[in-house]
Amino acid sequence: SRGIEITDSNLNPVKHTACKHAMGAKFRVGDLAVTDKHIYISVTNQNRIQMYDKEGKFMKEIGKDLTGEFELGGPTGICVYKKYIFVCEQKHNRVQALLNHSHNHFIGNKGDLMDPCSVSVTMDKKVVVLHSGIPSVLMYEITGEMYKQVYLEIPSDSLLTGRLVLGYNDDIVVTDTNNGVIYVNNSVGTLVYKVEKGKLNAWHSNSYHG
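For the sequence shown, this note's numbering begins at 1 and goes up steadily by one.
I should point out that these hints are in silico values taken from the structure, not numbers from a laboratory. Hints are not guaranteed to be accurate.
[What the hints assert, rightly or not] In the BS3-like style, the derived pairs of lysine-lysine whose C-alpha atoms are separated by at most 25 Å in a straight line are: (1) Lys83 with Lys126; (2) Lys82 with Lys64; (3) Lys64 with Lys54; (4) Lys37 with Lys91; (5) Lys54 with Lys91; (6) Lys54 with Lys82; (7) Lys91 with Lys64.
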C-alpha cells in the first residue's frame, strides 16, 4: 500500500504512516521532510506541499493558495528549518522560502539555478541547493543573498539528481545517478564512494575548490 514506512536504526519497520488523504495514482512525491511533530510531502505534479502529523493524519495543504509569480512550480526538494520551509521549484528554477506557510522570499531566482532538486540548511544557517546545471552546489544566506558556490571535481557526465545531505561538520553529500557513486565534499577534498560487490568503497579523492 502507498505510504511512508518508519524504521529504527536497523531498518526494522516500526510504523506505517499511510497518509491516505492523497496517496493515489496521480500523487507524485518530490521529497519529504520530517520534524518532531509533522511530515511534509512535496507533490510535484500538483504544485503543493501536504502536511501530516506523525500518525499520518492529514492536516493541511501548503502553497495551494499561491498564484501568479508565487506559484509553487513543480516542487521537488524541501527542507524545514524553524518556521521556514524551503522548496525547490523545477518549473521556475528557484527555491522559494515560505515563512509560516506563506511566501517570504525567493532564492536563486536570478538565473543562478538550473533544475534545483534538493535543499538543506547548515548549522551556521546557510541554505545549500543542489542543481543539475553544473557540477556544483550553491550556498545562500537564509535571507536569499548568494554566499558562495562550491565546485565538485567530478566527471562532466555526472547527473546530480539525488538528495543532498549535510553530514558531520556540514560535509556535502550528493549522489551521481549516471555513474552510481556518492560524492562527499569537505574542507579537505571531494571523496568519491562507489558501490562495488555490495560494499561502499572509497574510490578517489580530488582537490577542493570552494
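Worksheet entry | Numbers of unmet hints, in rising order | 4, 5
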